[in-house]
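A.B. asks: Both chains come to you apart, so use the hints to assemble them.
Going line by line, the protein sequences match chains A and B. When we follow the numbering used here, the leftmost residue of the first sequence carries the number 1, and every step to the right adds one. When we follow the numbering used here, the leftmost residue of the second sequence carries the number 200, and every step to the right adds one.
Check the hints yourself; a few may be wrong.
Said to hold, decoys possible - Computed footprint of chain B on chain A, listed as stretches where at least three residues anywhere in the stretch have a Cβ under 8 Å from a Cβ of chain B:
no.	region
1	24 to 34
2	37 to 44
3	53 to 59
4	146 to 155
5	169 to 181
What the hints assert, rightly or not - Computed, partial: chain B to chain A, Cβ under 8 Å:
no.	residue
6	Arg204
7	Pro219
8	Asp324
Derived by calculation from the structure, the hints in this document are not laboratory data. Even glycine gets a Cβ: it sits at the ideal position worked out from N, Cα and C.
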Amino acid sequence: MDRSTGGHDHPPSLGSATVTDRDELTAFCAAQLPRLVGLLALQTGDRVLAEYLAHDTLVVVSERWPRIRGLDRREAYVSRVAVNLASSRWRRRSAAARAAARHGPSSLVHDDPDGADAAAVRAAVAALPDRPRTALVLRFYGGLSAAETADALGCPEGTVTSLTSRAVAALRHTLGVDLDDPDGDLAATVPDARSGGTP
Amino acid sequence: VTDVRDLLTSTTPEPAGLAPVDLDALSARGRRRRLAKRAGAGVLSLALLVGAATVATDAVRGPDAPTIGEVPGARGWVSLPEPPLPTRSSPQVLHVDDGRLVVAGGHVGDDPEGIIFRTDGAVLDADRLAWTPLPDVPFADGSFDQTGRIAVFSLHGRTLWAHAQDGPATAPSAPLDLGELRFDLARLDLDDLDAGWELLPPPPVAGTLQPFVSVVDDTVVVLEGTDLGSAFRSRSGLRTSGAVWRDGTWTTFEPAPLPPVSAPFVGLDRDHLAVVGGHGPDGPSADAAVLDLATATWSVAPDLPLEARGWLVDDVHTLVADGRMLVAGGVVRPTPWLSDVGPPLEELVSPICAQSSDPEPCEVPVLGELPSREGPPEIASGPADLAAGVAWLDLDTLEWEVVDPDLETIHTPLRPDHLTPPHSLSLSGAELLTGTDAEDDGGPVRVLGDGTIVPGPLPDAGIGAQSLTYVGGTPVLALGPGPSDGGARVAVRSGDGWVEVTPLSAPAGVTYALAGTDLVAAGGAPAADAADVLEVRLLRR
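Here chain B stands alone, though its shape is the one from the complex (with noise of 0.2 Å):
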């Protein structure tokens, strides 16, 4: 028999040798902590990014879409019909512009066996009210394993497109065959879902590790990730070399005439692929290139005219509207305790599983065996260094446009929250409007672009704004949880002050989308005790 007690201490002993504690450095970080907690630091996640951005995109482009539902002065959550799907968090909701809505993909992440995240489906007719499951995706449900067999569903124009990497089963602390690994893309025609999906030919990214894909219309550019060893589960090893689907084929494009870098800013639009800043062997980079996608031949842009900066991962597809990207966020200064965050590609890969073919046993480095890095001097602890500023760079002339050299970024620096993007970010019109969110003791919300600025929501602890979306040109908090396990409460601006709808029943990996001038929220990690639904529910304003 096993005491309980040496179990839990023989397994996970108190740690030796960890960095002597700095009182000046806690009190900074203090500091910073309140600073991130006025500027609502919670977690959002890059497909927030990606649908804020979207959305962003949308009220650039000022589509008219229809909403959903007729709910007449409905003030509150409206239930729709439950999709005929499994229950799931974080499902991917898209608004379809002729009204549908999508709810796909997903996971349940409390199972034993680790996160499986669903590739499964359903569409729902904004005028019946009534789903219908997608087709099969060809590809399976996959757990949160080493080869990111992860389906991820975006959807452009009509078409909704999925990718996955699939490979053999491994241990998870064994290197993967990168030989094996198989790189799935697929689109389905909503307008036509008895087609069912077309499985693309192969992208020739064959053997690398979680490749970056992205769409814009008919395009999908696909950049090569790492070759690293899997076990080491970075992903500093993405590149910018990659291929070009236009036309029914693919064509490939050679690396950025950049030096290597871990983590820039990416941003695609239908005629380019635009990189920007990074973090190199001599600290974060400001260079910037362009790849023209018809041609597949790159252009060294001017360097971004803000401080250096690079985000803390890979593959941060940031915002492009109207042939600009945005640069704004990132971080100057990442802390050594993120090893994703580390050496460039070239320090990394040759020693360690590269090649797939190798008979010699695979060395697969681990937290704290990292080469060290040159350049400026790291932070022994705390959070990262953030970047001030936001500047535009026009795709097709190359030209930076600062908009703001001074507009403090905040976001929580750290994993997880280091996937953090900058929040709030969010288009009016064609004016830039940069927010960050609530504080806890009901400080200030700042709103660029228009001046306002205005008080947070909620005064509750504890509470930390998750996004803030505009619907309608409003803004829209969507809050953690309360101090009482409750659901994930929400806050919509309205007048001079904020009216708090109903709190939704899940405490958290609830969804929210914008469907027309609807907010809509999917899906949730189910409450302690609460009945196990995947709930889609609208906020019609």
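Same shape as in the complex, but just chain A (with noise of 0.2 Å):
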């Protein structure tokens, strides 16, 4: 391939980082690592996606280590930053399901080896709409607050609560169990949830 016309390969950037802020990115993305599986597991459905989009979160952070790592809440950026690589790819899952016409059942649904009820729980998450689900797990699995919610959804605070609250009761309906929903009882207990940050 011509570089000279196509080529930007930039110099990976990290390059100017120290040994310290390599120390220091490396052990953040250790940490995040394993959340991120997880969250993403329960966003996308798909376990091995799920690595796979972790991954590519953590390449973000290090290119982006020098403002992420000033933040207060670096794991809220992080957890946003996951969740909007899942939403970009979740869009292109009818692409995906089309080759798997044509191959089987390869790439969406996976052997779960987590057992029935884990594979239960995540097909239900799976199946709920898109802004519903992405706002239960940043609420309920990736412990973000009502207001970074928001900030990542790009929607008011009450919008997160409703948002919840319809995938916890979808949630019930299609688990048949009791769910205690958070922030739908803050919503029937505080006035104006709208007012502040909910932890």
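C.D. replies: Next up, the structure:
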């Protein structure tokens, strides 16, 4: 390939990072990886894809580390990056499904070593519409506050409460279990849930 | 009462035992990601490859097919009448040589029971712009289950073919009784819809899962699938043995006289079946063999004169045109994340669920429990190594012609993107053109063949090109939805620039096809809060 016309192989963004930067970044990424895989497995319903996307997220983290390291809530930022990446791929899922139509069910349905209950929960989460699912995962798995979730979704906090309530209600219905909805309870007890970030 | 947090964290715990984070690997991955973005490495399914190959073949053969409708002066999408079918994503769109348009198959992907694949369809009369439902195909809608009960349609002349595999319903984790699998293959004469579908005698591929079917004219080739327990859901068991349907009878053929591999390139024309490359126990293969369909005998061809390679899935039906098979793209070293790249057939078949009559419980392997592969060191994380170079194999003389040994083929390597074939493969006249797609920062689109490097059309981040086709020699890019969650976007090359036409309403799941010189877009997953319709639109040029 003619690199003079098409190549833009920038040096790794870590090239200017100090040894201390690298150590801190490595430690941060190592701590985030399992959390991201879990979060993305829930978000996408696909454990293998989750690992792939988690690494993609860490690529972004490494490239934006000078900015991220100064954040108060790095985890929230990283979670937001992760679900955005997942969302982008999610939109392409139908194309993958069409390919699977040719190849057989390999990409969207995976063996689940965690058992039927876990599979049922993930399937129920995966069946949620995009935004309620993202709100649910960020709020109740990723540990983001309502304000952070709202920021990630680009919506008011009240909308987050509504989305998570819808998601929990759908899970109740699908799974046939009585689920506690922390945001729903909050909304019921706090007159103006939009006035501040819920923990 | 269960706390929803507890439910989620207990059923999806943070995994242990992940590979250590390697910053250098992440940096390398970042470079690859940028490179992939420059190539517009969005998801392009194999169905699109087959479609592109069909289009390309047609371009070589130069049919002057009639176009649909008359929309003089139109510069945007024109809505065709809505087909009398339920809505769906990714329908198959097939253009008949008399101008008719067939929309069939596709799936409904948001059903809580899983993805339901449609088996119905309709044909559009080009003159009256009226749809006629196709007769009921002799197999039913199916869920996205382990049997692969999926209807796949293909058009050859004016004969529409459909095939699907069915079996008894079992729990997703349970082994499947391979002896009870049924494989249906049917054809429909589009000039005599009243005659209905003709169900062919069952091909002699009983006891294998997800065989590979390819049709050229009246010849059908079926490669046997895996006989692994279906819960493994692997595609690594495709065999090179199978059967040919010709003149009303099935003739079986033996496996290619090559070491067994998974994920080879497979090409078919009227007289030949060719198998090239694949992944074997010692790594990627450069082996090649061609089956003479008339005599059911194999000939071993010289090795691929490029770096050995295979795909990441089996039954990749690559382009064959004018008696030559194209080898472009592929991977030279797959990542171990991909189970279906794993060990070749012989390593997996015998111990696990191979015999449906086995009274002992099947032991079904799961991800992470596969036998380790021998061969070159595997990549601990990150994408597969991609192969460079483009070559043609002459199926009669068994001679190779290397077009460009250095051309880098770029595609997103991992599941589900690993299904992606080389992007933008197309032909213009008799000249090979391979183009990569757009870069999200407006970088180059590479078009090989005429040496053209043209800039990408859209600067928005987050938009990946899904396909690049050529309509009358003009590149047409189908793009993903924009960041605003709008509909899918399409750009057409015009002069030195690109013209983006009106976005579609569906953000994804749209099928793009060529009908003569027109671009057809059909189906799609509806955007949030949008009406649930099955749109078929036409971009007349």
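A.B. asks: Indicate, hint by hint, whether the structure satisfies it.
C.D. replies: Status of the hints after comparison with the structure:
Look at the region 24 to 34 of chain A against chain B: 6 of its residues bring a Cβ nearer than 8 Å to a Cβ of that chain, three or more, so the hint holds. Restraint check on the region 37 to 44 of chain A versus chain B: 4 residues with Cβ-Cβ distances below 8 Å, three needed, restraint holds. With 4 residues carrying a beta carbon less than 8 Å from a beta carbon of chain B, the region 53 to 59 of chain A meets the three-residue requirement, and the given coverage holds. Chain B is given as covering the region 146 to 155 of chain A, and this is violated because 0 residues of the stretch bring a CB closer than 8 Å to a CB of that chain, at least three being needed.
With 7 residues having a Cβ less than 8 Å from any Cβ of chain B, the region 169 to 181 of chain A passes the three-residue criterion, so the hint holds. Taking 8 Å as the C-beta cut-off, the interface hint given for Arg204 (chain B) holds, the closest approach to chain A being about 5 Å. Given hint, Pro219 (chain B) at the interface with chain A, holds; its Cβ is 7 Å from that chain's nearest Cβ, closer than 8 Å. Checking Asp324 (chain B) against chain A: minimum C-beta separation of about 26 Å lies over 8 Å; hint violated.
Hints 4, 8 from the earlier list are contradicted by this structure; the remaining hints agree with it.
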